[in-house]
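From first to last, the protein sequence lines stand for chains Z and P. Here the first sequence stands for residues 1 to 721, where the numbers follow UniProt numbering. Here the second sequence stands for residues 1 to 721, where the numbers follow UniProt numbering.
Worth flagging that the hints you see were computed from the coordinates, not collected in a lab. Incorrect hints may have been included.
Quick list of in silico lysine to any residue cross-link-like pairs, SDA-like style, CA-CA up to 20 Å [claimed, not checked]: (1) Z:Lys164 / P:Gly156; (2) Z:Lys41 / Z:Lys164; (3) P:Lys235 / P:Gly134; (4) P:Lys53 / P:Lys175; (5) P:Lys41 / P:Val27; (6) P:Lys175 / P:Val162; (7) Z:Lys192 / P:Gly157; (8) Z:Lys437 / P:Glu684; (9) Z:Lys192 / P:Val162; (10) Z:Lys523 / P:Asp580; (11) Z:Lys234 / Z:Leu179; (12) P:Lys192 / Z:Ala319; (13) Z:Lys286 / P:Pro618; (14) Z:Lys77 / Z:Gly124; (15) Z:Lys273 / Z:Ala319; (16) P:Lys523 / P:Ser146; (17) Z:Lys164 / P:Pro618; (18) Z:Lys164 / P:Ile185; (19) P:Lys251 / P:Glu221; (20) Z:Lys234 / P:Pro618; (21) P:Lys286 / Z:Ala319; (22) P:Lys192 / Z:Leu179.
Computed from a predicted structure; not experimentally measured.
There are 2 protein chains.
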Amino acid sequence: MSNSADAARKIAEPSAQEAVRRVLDTVKAEKRTSLTAPEGKVVCDAYGIPVPKEGVAKSAADASKIASSMGFPVVMKIVSPDILHKTEAGGVMVGVKTAADAEKAYDTILANAKKYKADAKIEGIQVQQMLAGGTEVIVGSITDGSFGKLVAFGLGGVLVEVLKDITFRLAPATKDDALSMLDGIQAHDMLKGVRGGDPVSRDALADVIVKVSQLVSDFPEIVELDLNPVFATKKDAIAADVRIVVDFDYKPRPAPRPTEEIVAAMNRIMQPKGVAVIGASAEDGKIGNSVMKNLINGGYKGEIYPIHPKAADILGYKAYKSVKDVPGVIDTAVFAIPAKFVAGALAECGEKKIPGAVLIPSGFAEAGAPELQAEIVEVGKKYNVRLMGPNIYGFYYTWSNLCATFCTAYDVKGHAALSSQSGGIGMAIIGFSRSAKMGVSAIVGLGNKSDIDEDDLLAFFEQDPNTNLIAQHCEDLKDGRAFAEAAKRVSKKKPVVVLKAGRTSAGAKAASSHTGALAGNDKIYEDVFKQSGVIRARSLRQLLEFARGMPVLPTPKGENVLIITGAGGSGVLLSDSCVDNGLSLMSMPPDLDAAFRKFIPPFGAAGNPVDITGGEPPITYINTVKLGLSDERIHSLILGYWHTIVTPPMVFARNMVEVKKEMEAKGFVKPIVASLAGDVEVEEAAEYLYQNGIPAYAYSTELPVEVLGAKYKWARGAGLL
Amino acid sequence: MSNSADAARKIAEPSAQEAVRRVLDTVKAEKRTSLTAPEGKVVCDAYGIPVPKEGVAKSAADASKIASSMGFPVVMKIVSPDILHKTEAGGVMVGVKTAADAEKAYDTILANAKKYKADAKIEGIQVQQMLAGGTEVIVGSITDGSFGKLVAFGLGGVLVEVLKDITFRLAPATKDDALSMLDGIQAHDMLKGVRGGDPVSRDALADVIVKVSQLVSDFPEIVELDLNPVFATKKDAIAADVRIVVDFDYKPRPAPRPTEEIVAAMNRIMQPKGVAVIGASAEDGKIGNSVMKNLINGGYKGEIYPIHPKAADILGYKAYKSVKDVPGVIDTAVFAIPAKFVAGALAECGEKKIPGAVLIPSGFAEAGAPELQAEIVEVGKKYNVRLMGPNIYGFYYTWSNLCATFCTAYDVKGHAALSSQSGGIGMAIIGFSRSAKMGVSAIVGLGNKSDIDEDDLLAFFEQDPNTNLIAQHCEDLKDGRAFAEAAKRVSKKKPVVVLKAGRTSAGAKAASSHTGALAGNDKIYEDVFKQSGVIRARSLRQLLEFARGMPVLPTPKGENVLIITGAGGSGVLLSDSCVDNGLSLMSMPPDLDAAFRKFIPPFGAAGNPVDITGGEPPITYINTVKLGLSDERIHSLILGYWHTIVTPPMVFARNMVEVKKEMEAKGFVKPIVASLAGDVEVEEAAEYLYQNGIPAYAYSTELPVEVLGAKYKWARGAGLL
């Protein structure tokens, strides 16, 4: 939590919290679902959220004094329980501009009121600061089923309603979060002042956001809140209207398990000393047979215990009737039995104190049997057995040579850990990995996510020395908040890439507030991912390419990207891709420009891209890339290769790998990616480059830059740039 | 031209044009670069562009009458050559609301004026319609170096300045173009009325756009025009302010060559009876040697004439000193000599009446020698020899077995015609084509585009029976208007796909008007491409995939797309891709839902996607796909395959191809694309599907949908849907 959130909390404790509690108690007692405007004001005051100043004047002189103290213009209104229609009674004057006018207005309103109703009881005349000018913005909060409390920010006015230009963060939000929201809307330039207008006070606005986020975090029963509009000026941000909706039945999600507890169990499950296969089979084509074979042929070195009601041994391994009969320790029980038998066998696992069950069987919630799923969840809870699945392909953990799955085996060791909610996507991960020779540390199926989900995996992979990137496919997040909190922590150390499917699903529940109505479910994912340092993949291929390429690249030390290309045409397209992927093309200092020019033909172009032209021999690529790697002002290289007879593809590739190694030996370690244009031989060259630390793609000027862009996005989010 | 544009022209001829001409003559005589407000009003009146009504009253009764005739409120202003500061003189009254008030205002203003300056000559009091309410929009025009006259439309106000939410069309624009502009801005919902406001009159607004576009087309010297703001209401659209900038030195581009002339020459060049190789060589590694070998080995059946100063024959072909010595007809002369000799040899080609020169040599404008390029352009013009290049790889026309290039030969016949401005991208096209077994009709290098450019190719491929798709890479368009006009015509018959590189270049020239300042060069390309029916590729890979996939697919007969998937996870991602690519997921009628349910397990899901679930045998895929193809309400299928032992990849693929053929024989011809999730065997299956008319991709849920989406985009643009 930032200083500012701390500050809000300080304000909010304890008297402020008590003030809000008193208001909410009244609302609850009166069985209301929303606060009145004065109640809203009390709540805002308690948390230091600025609202218009106001006071009640008892005399003309008093009115003048109050108005002067708050600044002009002011609005003045009769305060009388006997006058309901104030305007009709001539009891309202807006735009009162001077102290003298305030005195005069006092008298006029009083006279009007008496004329309107001679016997009205007059309690005084309210003087209220009149807000105008500045930029109208909206600050609000909603309660999401997965993410819980969210704070929202957007611009006021009709255009924003039309454009849905609003941004979200988890509440409580830090001051940095709040400031990032001001930059996170499409029309952020509006806040900088347009047409000669003043910029808003970013500080004041961020302060309101932080305080709102603290308020809704302190009082979960506040399920929706709108400050709309907030008038933001160069000196302050004042909420002109407050709307607060409460739900006293709202139950926040229970806190997730402590990370240490998750890790302790997951470490045993993912790297077990012993694996039981419940429903092991000697019969080809059975799932219990495939699992056994994968364990054996995969090279798993721990104990394998087939569980079978009758068999004495299966595939040469002694079989047991129940896990309870197994003498040794079992860390992981893989289930390959029909759904209806799972709960019973699971209870035995519990009694055996097995920490994890891998539930391959389908036939649960996904197949219209939620009661079967509820039952196993209960059993798991009772015995503290963590459940993976059900309805999954199982999982791979290559560094233990473990294929606890019925799918094809996969054993290429690497440092990307992938997971998928869907079995089909899991198979695509395996196929792509094999095809691209992508090493993985793990591939995990999550299926119905009855228990183990994405945040459990994050906690495990965070501390897994064999993993340096986590890539996840998901359709929903059961507990978005737990995920976001884990991701925020983990992404500081290792990239977390997520493909969120179902972007177009109905999503967000119908909401009664303005902020709620603006909230698209996918926009929340988008913003919370950003807040948590998650790199969002836009397609399945991108998830896979990021998983493959990001671990290959070293972390860049700065933002300066240089393109060196043999094909001018590739240079232009690579530049476009840099812009698309948020990369900064370094502007070339004159001395460096001159240094590059020495290596390239006179009609080549230095600057950025460095266009060495198409007909050049290998030495031109070598010289320019060496210079690019050795100059400290350059932080990353993008190479554009053009297939020619003078520098054939594999000659280029071998030379680049050599240069890279030579320069690395001298301490120059920088990300390099490459785009290869040419005949089919460039595919072999791209493959060779990739296997040697240079993510390279044939016939594409965008894929290499996307991978580099993802690495940069991660490095920025992790505070490494 | 639409009826509306005709109407505008009718209004504009001849008296209206004369009125504008008189105004412009005055401006020119006075050496001004912009029009005064009254001049702007005259121009608008002449073209029927509504501006506020006004009249000069000579009496109070007159004022009342004039004001009543135009509707209230009105503004009234003193008209006197002796009163410059009208407001100071009390000579202006705004918001005059009734006929009685107008009379009173007349008297008041007159009295004020006399008080201010007793001897002032009073010509009367101007009564002007006061505009307010409605939606503020901008209609304007700019003059682009490549596209010429463009008309622009956007919303008024600061947000639009910030968001640059503006759209362009070539002028003159049709009524349909104009209406598409109203839908073409991001905030288009603003025009439909928000917060209970009235929608604008689309007709009135489109009418203003059409008329502005006609005006600037009739008077090319009007280089910039702003109507800002235009007040658009439910009944009219009135320009409150007119700003017109002129440049009497502006020279519109000369009209492009007539299409017949282009086609006559291109037909000879692309399908020559005889080819001369100027600079042919027997020496390995020389460009003139590679060209000879490609012609010979490529299987070209026409005459080949090597041109060489000394050799008697080259590679078995009789050589000549000059093309002029060749006895037979030469249609195409391929140049493989240094830049400095090109002009001379080109003149000889001219004398020999060769229609086209393929200028492989570099060393012209791209290498700092624009004078050499200017020289060859002159020679080409003089002799009417069309020039391809210089600085190119040459071209391929597979249906004549013609490889007029020094690059690797390529001979797989197909129906996609590709071209590139850059040699590197050309090599990527060849590599990709070979790798993907993509048949092409032609691959053409355009390089410096000294003469032949994209619109020449469009004209040729339009009538080329071997081509049914045109895919072009370009960095700029020399004559954007000629391209757009050709593309608009051609895209009605054959898809035109363009990868426009250099999206981020400075582009649009600094402009002095508001509309000009809002114009980003790339936005103009984006909008004009759309107006011309061009499918814009977002990446090199996409250009290539579209070129490969679109000709394979039949044209869909309607918008209803159905997903049939074995993997639920793929179904979700495929649905996302449908939304991303503008495809409509058909909502499933109950009878069809029931029909699908008969084929799938009870826990599968009908609806759309139809989820047949993962464990199903081939017959389930077969039955559901047959149903999908035979039901007339479904227009396209997207298949999601999940690799299982029950239905292995090649079994799935063969079955799908069989079903497709069987149903085609029965007259059910629909686009089908497929996404394959599984282990590496799915790559072979995808390849098989693709070669048999079903664009299919392994490990990707987005690529097949992008290809289908492009086909739909084209079909819609061509009016086939």
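Now the hints, each set against the structure:
In summary, the hint linking Lys164 of chain Z to Gly156 of chain P is supported, as the alpha carbons are separated by about 18 Å, within the 20 Å threshold. Under the criterion of a C-alpha separation no larger than 20 Å, the hint pairing Lys41 of chain Z with Lys164 of chain Z is inconsistent with the structure, at around 27 Å. For the proposed pair Lys235 of chain P and Gly134 of chain P, the alpha carbon gap of about 10 Å is at most 20 Å, so the pair holds. For a cut-off of 20 Å, the pair hint linking Lys53 of chain P to Lys175 of chain P is broken: about 25 Å separates their Cα positions.
For the proposed pair Lys41 of chain P and Val27 of chain P, the alpha carbon gap of about 14 Å is at most 20 Å, so the pair holds. Taking the CA atoms of Lys175 of chain P and Val162 of chain P, the gap is near 28 Å; set against the 20 Å cutoff, the hint is violated. Simply put, Lys192 of chain Z and Gly157 of chain P have alpha-carbon atoms about 16 Å apart, close enough for the 20 Å limit, and the pair holds. For the proposed pair Lys437 of chain Z and Glu684 of chain P, the alpha carbon gap of about 17 Å is at most 20 Å, so the pair holds.
Taken as a hint, the Lys192 of chain Z and Val162 of chain P pair is honoured in the structure, with Cα atoms around 10 Å apart against an allowance of 20 Å. As the CA atoms of Lys523 of chain Z and Asp580 of chain P are separated by approximately 15 Å, the hinted pair is consistent with the 20 Å bound. For the given pair, Lys234 of chain Z sits about 15 Å from Leu179 of chain Z by alpha-carbon distance, which is consistent with the 20 Å threshold. Note on Lys192 of chain P and Ala319 of chain Z: the hinted pairing is violated, with a Cα-Cα distance of about 72 Å set against a maximum of 20 Å.
Restraint check: the Cα-Cα separation between Lys286 of chain Z and Pro618 of chain P comes to about 19 Å, which is no more than 20 Å; the hinted pair holds. Distance hint between Lys77 of chain Z and Gly124 of chain Z is fulfilled; the C-alpha atoms sit about 9 Å from each other, no more than 20 Å. The straight-line distance between the Cα atoms of Lys273 of chain Z and Ala319 of chain Z is roughly 17 Å, inside the 20 Å bound, and the hint therefore holds. With a C-alpha separation of about 13 Å, the suggested pair Lys523 of chain P and Ser146 of chain P falls inside the 20 Å cut-off, and the hint holds.
Under the criterion of a C-alpha separation no larger than 20 Å, the hint pairing Lys164 of chain Z with Pro618 of chain P is inconsistent with the structure, at around 45 Å. With a C-alpha separation of about 14 Å, the suggested pairing of Lys164 of chain Z with Ile185 of chain P holds against the 20 Å cut-off. Proposed proximity of Lys251 of chain P and Glu221 of chain P is supported: the alpha carbons are some 8 Å apart, at most 20 Å. For the proposed pair Lys234 of chain Z and Pro618 of chain P, the alpha carbon gap of about 68 Å is over 20 Å, so the pair is violated.
At roughly 73 Å between alpha-carbon atoms, Lys286 of chain P and Ala319 of chain Z are farther apart than 20 Å, so this suggested pair is violated. Distance hint between Lys192 of chain P and Leu179 of chain Z is unfulfilled; the C-alpha atoms sit about 34 Å from each other, more than 20 Å.
When each numbered hint is compared with the structure, violations occur for hints 2, 4, 6, 12, 17, 20, 21 and 22.
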